[in-house]
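Put together the whole structure using the sequences plus the hints.
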Amino acid sequence: MITQLEIALKEANEQSVSLASMSPDALESFMIVMSSLKSIAISIVKESELTFSITEGSAACAVEAPTHSIQSIHKEIDLAITGESDNEDVTINLRKIQKQIKRKDVDYRFVYKNEKNTIDIHTPLSNAKKISLRRNRLPYVYKLKVVGGFLNEIGGKNPNYHFDYGGGEKITIECTKENAQSINRFLYKKMESLLLCKEWEESNKKNEYTHVAVIEDDLIIHFRAYLDDYNKENELVKKLTLTYNFVDKIFEEQSNKENKVLNFLLIAFNNKNFHLSELKTLLVISKPFKEHETIKEVRAALLETYQKKKINA
Amino acid sequence: MLDLLHIVKSHEDSGSTADFVALGYLHDEQDPHTAFIIQHKEYLTEFHYDGGSVVYTTLFDSYFHKNTLTIHPDEVPAFIVYCKQIKQKAKPIYGFFYSGEFYDEEGNYLMNKDLGERMTCVGFCLNVLKGFLEEDYIDYTDWGSETHTKPDYLKSYCKRYNLDIEKVKASHRRITPLEYLTSGLFSNLPIRKSQIDSWKDDVREYLVKRL
Numbered sequence: 001m002i003t004q005l006e007i008a009l010k011e012a013n014e015q016s017v018s019l020a021s022m023s024p025d026a027l028e029s030f031m032i033v034m035s036s037l038k039s040i041a042i043s044i045v046k047e048s049e050l051t052f053s054i055t056e057g058s059a060a061c062a063v064e065a066p067t068h069s070i071q072s073i074h075k076e077i078d079l080a081i082t083g084e085s086d087n088e089d090v091t092i093n094l095r096k097i098q099k100q101i102k103r104k105d106v107d108y109r110f111v112y113k114n115e116k117n118t119i120d121i122h123t124p125l126s127n128a129k130k131i132s133l134r135r136n137r138l139p140y141v142y143k144l145k146v147v148g149g150f151l152n153e154i155g156g157k158n159p160n161y162h163f164d165y166g167g168g169e170k171i172t173i174e175c176t177k178e179n180a181q182s183i184n185r186f187l188y189k190k191m192e193s194l195l196l197c198k199e200w201e202e203s204n205k206k207n208e209y210t211h212v213a214v215i216e217d218d219l220i221i222h223f224r225a226y227l228d229d230y231n232k233e234n235e236l237v238k239k240l241t242l243t244y245n246f247v248d249k250i251f252e253e254q255s256n257k258e259n260k261v262l263n264f265l266l267i268a269f270n271n272k273n274f275h276l277s278e279l280k281t282l283l284v285i286s287k288p289f290k291e292h293e294t295i296k297e298v299r300a301a302l303l304e305t306y307q308k309k310k311i312n313a
Numbered sequence: 001m002l003d004l005l006h007i008v009k010s011h012e013d014s015g016s017t018a019d020f021v022a023l024g025y026l027h028d029e030q031d032p033h034t035a036f037i038i039q040h041k042e043y044l045t046e047f048h049y050d051g052g053s054v055v056y057t058t059l060f061d062s063y064f065h066k067n068t069l070t071i072h073p074d075e076v077p078a079f080i081v082y083c084k085q086i087k088q089k090a091k092p093i094y095g096f097f098y099s100g101e102f103y104d105e106e107g108n109y110l111m112n113k114d115l116g117e118r119m120t121c122v123g124f125c126l127n128v129l130k131g132f133l134e135e136d137y138i139d140y141t142d143w144g145s146e147t148h149t150k151p152d153y154l155k156s157y158c159k160r161y162n163l164d165i166e167k168v169k170a171s172h173r174r175i176t177p178l179e180y181l182t183s184g185l186f187s188n189l190p191i192r193k194s195q196i197d198s199w200k201d202d203v204r205e206y207l208v209k210r211l
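Chains as they are written, first to last, in our numbering: chain A, 1 to 313; chain B, 1 to 211.
Hints were generated in silico from the structure; no laboratory data involved.
What you are looking at is a predicted structure, and each value in this text was computed from that prediction instead of being measured.
C-beta atoms are modelled at their ideal positions from N, C-alpha and C, and glycine is treated no differently.
Wrong hints could be hidden among the right ones.
Restraint-style ranges between C-beta atoms, simulated for each label pair [what the hints assert, rightly or not]:
| hint | chain 1 | residue 1 | chain 2 | residue 2 | range |
| --- | --- | --- | --- | --- | --- |
| 1 | A | 218 | B | 136 | 34 to 44 Å |
| 2 | A | 254 | B | 166 | 34 to 44 Å |
| 3 | A | 273 | B | 145 | 45 to 55 Å |
A few chain A residues that face chain B, going by a derived Cβ cut-off under 8 Å, partial list only [as the list claims (entries may be wrong)]:
| hint | residue |
| --- | --- |
| 4 | 82 |
| 5 | 187 |
| 6 | 240 |
| 7 | 275 |
| 8 | 283 |
| 9 | 303 |
| 10 | 310 |
Here it is, written out as structure tokens:
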């Protein structure tokens, strides 16, 4: 059996409605659904891979294709149901289908079928909010970075410091008064900081930097390597694995620095713009040390950010 | 009414599109088993301790499961990575997972680390939750030594492992797979034995009907 997505008008006894006895209204509804399903399919899979079928005599239509193709369509439909699809062909047409299957006067079956399983799409689709295109991606991303520079200015009413790279090239880093007092010892020297960087997609907008911590010399190389990999990786599960690997490495190689590193990480990730799983992972890793003096306060602060984010997620 | 329990057959009800972590229960009159059933994107996986090793695979066995309300869908990636770390590290490196208390092969809760690496499937799952959640998942002190019904078990166990019975008897208890599944109905932590007791017969009846 080939893999398919099937939509059928059904009667109370689960049988498909016979084409021979349809009301004009039901026919109209079925045609909308059928045509929308086709539009969704061809927006994702090459037409040459697709076949469409109508069960003889019944108001049941199906799109059929190799399993991986139908899976891609199914996946995109799932994304659209959770509001995550940015494929407009899918969201527009799925919204049309949703409107029809939510009607009280007609009853549909909408399923994904392969040899082993039949997965219901009808229920999640009719329970979902009105299908819409995913909100545009945020125009910026937050990244943690180790940045080095020559410190030539610090202070101000809204405290910040500057790294000067010569030739008018410099960056401004926001910090707290307490940070500024401590960083002051590096004035007119080279230093390396762990920064939270708000990077705008528009290239003419300047990146914004916030101070996280001054990293000690013997840890810089490790932080830099970890964050380089972390920022390059897009998949969340892999990113989180990198964090575990980084902490493991520090615990193995620099056992006297472990609490210091956890302290930096807990401060660095204490920002509501990170994913809930990123916050949670730091909480899990640091849990056994939560009473330690270098950990306690910063972990409690991260926990608070996490709890607020979780309630609103 | 019991459908309101939202306990489902893992294989049948995988149409869910949202990520979840669920408490899985594999029925067997003699030897029931427990696991985590995890949905992330289109993947449905099981994570458990099979008595020999820690296993993380595509869903294979015919579990019943109940989504736990203690883990938010957005935390599922963090949970998956945490599980994979546990699988990879047979021994704790920075103390997570083995957060101080351990289960032996019969479900006895032991504070003694020299013994503790052996545990039941339930003990394993509870330890995983204990390491992941901020609060304790269950109040294990509700389960007294009377919850383990095999006579003289503690005595013979201590003899076999050369343990001081006085040191471990306070930790002697058994939490069953059915109790583990039933705990999924609750989200206020820590979960008390009395809450589980008031529902577990209904859960058992529900499962038996659907076998």
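Is the hinted range of 45 to 55 Å satisfied by the C-beta distance from residue 273(A) to residue 145(B)? About 49 Å separates the Cβ atoms of residue 273(A) and residue 145(B), which means 45 to 55 Å holds.
Interface hint compliance - residue 82(A) to chain B, C-beta minimum distance less than 8 Å | holds (6 Å)
At a threshold of 8 Å, is the proposed contact between residue 275(A) and chain B supported by beta-carbon distances? holds (7 Å)
Q) Can the hint on residue 283(A) be confirmed by a CB-to-CB distance to chain B that is less than 8 Å? A) holds (7 Å)
Original post:
Does residue 310(A) meet its interface restraint, that is, does its C-beta lie within less than 8 Å of any C-beta in chain B?
Top reply: holds (6 Å)
Range agreement (Cβ of residue 136(B) with Cβ of residue 218(A), hint 34 to 44 Å): holds (38 Å)
request  = Could you check the hint for me, namely that residue 254(A) and residue 166(B) are 34 to 44 Å apart, CB to CB?
outcome  = For residue 166(B) against residue 254(A), whose Cβ atoms are near 41 Å apart, the range 34 to 44 Å holds.
Verify the interface restraint on residue 240(A): the C-beta must sit less than 8 Å from at least one C-beta of chain B. Result: holds, 4 Å to nearest chain B Cβ.
Closer than 8 Å between Cβ atoms is the bar; does residue 187(A) clear it against chain B? Give me holds or violated.
-> violated (37 Å)
*Would the stated hint for residue 303(A) survive a check requiring a Cβ distance to chain B of less than 8 Å?*
holds (7 Å)
In summary, the one numbered hint that this structure violates is 5.
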